[in-house]
Structures are given as structure tokens and as C-alpha cells.
Amino acid sequence: MSKTYDLLLSAHKVTKRFGGLTAVNEVSVDLKLGQIHAVIGPNGAGKSTLANLLTGDMPASSGHVTLKGQDITGWTPEKISRNGLGRSYQKTNIFRSFTVWDNVRLSAQSRSQPMPFNPLAWLQNADAMQDVNQRAERAIELAGLKDRRHALAGAASHGEQRQLEIAMTLATEPQVLLLDEPLAGMGVAEADSMVQLLLRLKSSHAMMLVEHDIDAIFTLADQLTVMVNGTVIASGLPSAVRADSSVQAAYLGEDH
Amino acid sequence: MSDTRAPLETLPRSLNILLALALLTLAAFPFVGTDYYLQVVTRMMILAIFAMSLDLLQGVTGLVSLGHAAYFGVAGYALAFFTPAGEPISLWWSLPAAVGVSALLALIIGFLVVRTHGIYFIMVTMAFSQMVFYAFFDNKALGGSDGVYINFKPEAMLFDLENKTTFYFFTLAMMLVVYLFLRRLLWSPFGRALSGIRVNEHRMRALGFGTFGHKLAAFTLAGALAGLAGYLWGAQSGYVNPELLGFHMSAHVIMMVILGGMGNFAGAIVGAFSFEYLLHLFKDLPEIAGFHLGKHWQLWMGLFIVALVILAPRGILGLFATLLKSKETGHE
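First to last, the protein sequences are chains Y and A. 8 is the number of the first residue of the first sequence in the numbering used here; add one for each residue after it. 66 is the number of the first residue of the second sequence in the numbering used here; add one for each residue after it.
Just so you know, not all the hints are guaranteed correct.
[What the hints assert, rightly or not] Derived Cβ-Cβ restraints for the label pairs, each shown as a range: (1) Y/Arg-145 <-> A/Leu-388: 36 to 46 Å; (2) A/Asn-228 <-> Y/Arg-145: 36 to 46 Å; (3) A/Pro-378 <-> Y/Pro-66: 43 to 53 Å; (4) A/Gly-209 <-> Y/Met-122: 38 to 48 Å; (5) A/Ala-92 <-> Y/Arg-156: 33 to 43 Å; (6) Y/Asp-229 <-> A/Pro-378: 46 to 56 Å; (7) A/Lys-360 <-> Y/Gly-26: 50 to 60 Å.
[As the list claims (entries may be wrong)] Some, not all, of what chain Y presents toward chain A, calculated at C-beta under 10 Å: (8) Phe-25; (9) Leu-28; (10) Gly-81; (11) Thr-83; (12) Asn-90; (13) Tyr-96; (14) Ser-117; (15) Gln-120; (16) Pro-123; (17) Arg-145; (18) Ser-246.
[Said to hold, decoys possible] Coverage of chain A stretches by chain Y, computed from C-beta distances (three or more under 8 Å per stretch; other residues unrestricted): (19) 251 to 257; (20) 272 to 285.
Worth flagging that the hints you see were computed from the coordinates, not collected in a lab. This structure is a prediction, so every number in the text was calculated from the model and none was measured. All C-beta atoms, glycine included, are put in the ideal place defined by N, C-alpha and C.
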């Protein structure tokens, strides 16, 4: 094991402008090992855009991001992923024509991928890569999809596809997890087992959780950031944020 | 439960047996066929190698190149320029060298084009191949519009490629080696990554795959294998001209891959054979009431392919696979 960092990911005043619109305005977040940092806000608040800035899916207009002490601003998504950041998507983003197992196996393979121009690797058998199979096996079991491995991913139920999202992310063995609405559209029982899974993963990861489910957030979150119109209006311990009057007016008030 | 639109990676057992029988027929053919038909089938096998090379891009990686003939033709030209006027050239260095020329060209062009996606990829691959076409077409030193003759078949020492039967078996062996190599590659970590890129490139990058490098490697390898086919074409016909690099050649090879069925390489072979067969069939159509049907063979070919794509989106092999699979499961 390399040196472990308490503060694994830190975004400092990241901003994203689309023409005249500022989707994310000088947002700072810290993700620490063993903590879940929840980000909430109404639709269009810029939560997913923030996630895109952290993963390198979108370049930030300004600000910078550090991962395990390294400045990763401007890095490609694949390089950021290889350095230990895993992300699950709000809109299910899987390999629909592959089986569940092939989805997870391919995800795990990313950590053992030979160089593309290596002709010897062109003759290697992907199914016989033991480390990949072990990693995939662990991930598929953690996500509770062991019995569904032969199912076609595109034909799996919505809840199973959400579980598969998580399994694929876990198969890359990230230290930092960005989970974009993992509970969206799930039934009560499925959501409950997902919450249990996140609690189990918590001790060994730094997590950012974008979520709408208020109950789940207060069960899970150690830190809470509230975004409205691209700006952070409150951030801190969930209990403190809950008591904040501007938050109650802007967001929580609607639910409570 | 399988996706009826996704390229066919695995074939039902009965279809594999049929394909093995077809291979045996090919191996036995020189003992019964005439010289003319030997040459026709040799040409089909050369085109099959060409089609397999494109299938790596089109069926596996999901990159539709409308300029694949450039890498095919350039290797043929390489053989033409390597061969001195009065004597044959050694197969053992001219073949790897010609393939290397194609691979290098594909590496350079690929470096620029694999950054683009969808329709832009199609357009830029076509633009670059048109540049290569005109570089040869307009340049007298490169043979111009007339092309270049290759007076001698490559000299192999161990066997005589001037002998049509020997050339046939050499081509058959090459086709088989390329097929087995690509089948193996399909299930390698490289091949799995290429399939992933076809299905969802965005997720591949998010998972940490360097998709640019993978696509570039696939493009270069496809160019190299197209070069192998082009070299054999030049050696067989003894003549190369700009048409080999041209738009029609690129379009025909796409049709071959679609016709046979994408993504498993056997389909590309079936497609190349079927395309050549249909081409002869349509060209030989009679004249009816002053209208020469055979002259408009491209029209009939186009209609045939449109009909096939509608009725059997996974090509001839896909059609067979569906029929045989339902029969196999029906027995269970």
C-alpha cells in the first residue's frame, strides 16, 4: 500500500460556465477517507456538473482539483480514473449488449490493461486473467448481483442496473467514489440494501454522494453541502445544515 | 436471451461445423477446379482478408472507415515498386515491408482521424483516402492513372508462387492465419476493450481505458492486414492501378462486411465470397428489350444489400445463426 491520505479529494473554487450561464460557481468540496459527503440541491443546481468537473468529463472554467495530493486539473477522465477515482452515473451508463458479468469483468480489466500496441497481449485470453476475475467477483458480490451474472445488462431491471453501476465502479477499486443518485428510482427494499452497501464501503473510501432521498442522506452523510443555482448556500455537519434558515427556505422547507 | 442487433461474436455449433466444411471444400477445390476458377476463388480469399481487416474496425470497434482501400492499395503499389524490372523480389522481405508501409500510413492517418467520432470519422477517413488516391492518380512517377505492372510474382524459394495452385494454397493459408489471429484477438483484453469502445466509449474512458490508444492500435492493425490483402492482390494480378485505393473499393469492402455479418470475422469471409459471386451474377444478367441489365450491376447489388439489411440486419451469417439456433434450441 502506498501512503494513505486522510484528505483524498479536494476541489477548490471550481467554476463551470456555459456561455452566459454559470452552472457551477466557485464550489469547494473536500472528500475524506471514511466519510460520506452528500451534495443536495434542486434539479439544475449543478450537482452532476460538479461531478463532471471532478472526473474530468468536463474541463473546469477555473479553480482546481487535487486527488491524493496531486493536482489533477485538466487531466483526462481515463487518467483520473486510473489514479483512484470511480464514478457511478445518474443516468445508467452501462454496456447494454453485454451480460452483467462482462460489464463488471471489463471494468475490472481496466486495472490490468496491457498497452494497446503490445502484440503479445493481442493473443492473451481475457477470461483467464486471474486478478481481473477476482476483482470482478468481489465487486459483483458486494453489489449483490452474483445470481444475475448471466443476464443481459440491457434487459436487467432498473434496480439491478443501478446495482450494476456500483459494481462496475467498485471493480476498478477506487479510493474515491462519486455516486450520482445511486438510489434514484429504486424500490424500498433495493434502496435499503444500497444504503447498507454504502455504509459498508464507507470505512475504506472517500465518498461524494449526490442524492435526492433526504432520509438516506441523514442516515449516511457525515458532511452535507447544499447547492442552489450553481452556488453552495450551506456546508457542514448535516445537523447544522438542517438548522440553517437559508437552507430551510431554499430546499429542505419543501420537504419538512 | 440475446440482443438481436448486437454484432454476432459467437456462432452456434452447427454453423461452425458448416464453416469448417466450407473450409475443407476450399482446400479440396484446386483438385477439381479449372485454372480460371482457381484464380476467381483466390481473388475471393484475398478480398476476404481485406474484409476481415475492416471488420476489426467496423464490427468490433464500431469505427466505419470509408477509406480503408488506401491501406489495401498502397501495399500493392509497394510490391510494384519493390519489384525490379527484370527479376522477382523475395517474398520474405517484400511482404513484411509492404505490410509495414500500410501499417505506417494507417498509423499516421489514424493518429489524426481516431480523435473524431461518428459521421466526422467517416468523412475524414474518406478525405484522407482520396488524398492518397490522387497522390497516385495525378503523379506520373507513381504510375499515374494507368498504374504499374508487376512483371514477376514474389520469389519464395520454398515454393513457386507462379504456380496458380501454389498461390491458391498460400492465399488460403494466409486467410486462415488472419482469421485465427483475429478470433484470438477478439477475446484478448485488447479485443474486449475494443468491443467496449463500440458499445460505450464514454464509459470506457470513465473506467480508465485509454480509448485513443486502443482505437489507434486497431486502426493501424487493420491497415496492416488490409496491406497484406493488397500485396496478395498485386502479386496475383501482376498489376496495380489507382482504383485499388479508390472510393469504390472502400465502399465495396464495407458492403462485404455488412453482407456477411459484422463482428466475428467469419461473416467478413462469407461476405467477400458472396459479394464477388453476386457481382459476377449481376454482371452476367441478360439484355431485355434493349436494356442491358448486367451493365447496371451496381443497382442490383445495392437493392440486394438494402433488402438484406432490412430482412437480416446481421447479414448472411446472422441469418443462418438465427435459423440454426432456433432449430438447436427447438430440439432441447
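Legend entry - Restraint outcome when Y/Gln-120 is required to lie within 10 Å of chain A by C-beta distance: Where the cut-off is 10 Å and the nearest Cβ of chain A is about 6 Å from Y/Gln-120, the hint holds.
Inset, instruction - Three residues minimum, CB to CB under 8 Å: does the stretch 272 to 285 of chain A make the cut for coverage by chain Y? Let me know. - result: holds (count 11)
Legend entry - Range hint 36 to 46 Å (beta carbons of Y/Arg-145 and A/Leu-388) holds or violated: Holds, at about 41 Å.
Legend entry - Supplied distance hint 46 to 56 Å, evaluated on CB atoms of Y/Asp-229 and A/Pro-378: holds, 51 Å
Inset, instruction - Kindly confirm whether 36 to 46 Å is satisfied by the beta carbon distance between A/Asn-228 and Y/Arg-145. - result: Distance hint for A/Asn-228, Y/Arg-145 is violated at roughly 59 Å.
Legend entry - Closest C-beta approach of Y/Thr-83 to chain A relative to 10 Å, hint status: This hint holds: Y/Thr-83 lies near chain A, its Cβ roughly 7 Å from the closest one there, short of 10 Å.
Legend entry - Restraint satisfaction for Y/Tyr-96 [CB to CB of chain A, less than 10 Å]: Since the shortest Cβ distance to chain A is 8 Å, the answer is holds.
Legend entry - Y/Gly-81 as an interface hint toward chain A, with CB separation required under 10 Å: At about 15 Å, which exceeds the 10 Å cut-off, the nearest Cβ of chain A leaves the hint on Y/Gly-81 violated.
Inset, instruction - Mind checking the CB of Y/Phe-25 against every CB in chain A and telling me if the closest is under 10 Å? - result: Violated. Min distance 19 Å.
Legend entry - Range hint 38 to 48 Å (beta carbons of A/Gly-209 and Y/Met-122) holds or violated: holds, 41 Å
Legend entry - Interface hint compliance - Y/Leu-28 to chain A, C-beta minimum distance less than 10 Å: For Y/Leu-28, the interface hint is violated, since the closest Cβ of chain A sits about 23 Å away, which is over 10 Å.
Legend entry - Distance restraint evaluation - A/Pro-378, Y/Pro-66, Cβ atoms, bounds 43 to 53 Å: Violated, since A/Pro-378 and Y/Pro-66 (Cβ atoms, about 38 Å apart) do not stay within the stated range.
Violated hints, in rising order: 2, 3, 8, 9, 10, 17 and 18; the structure is consistent with all others.
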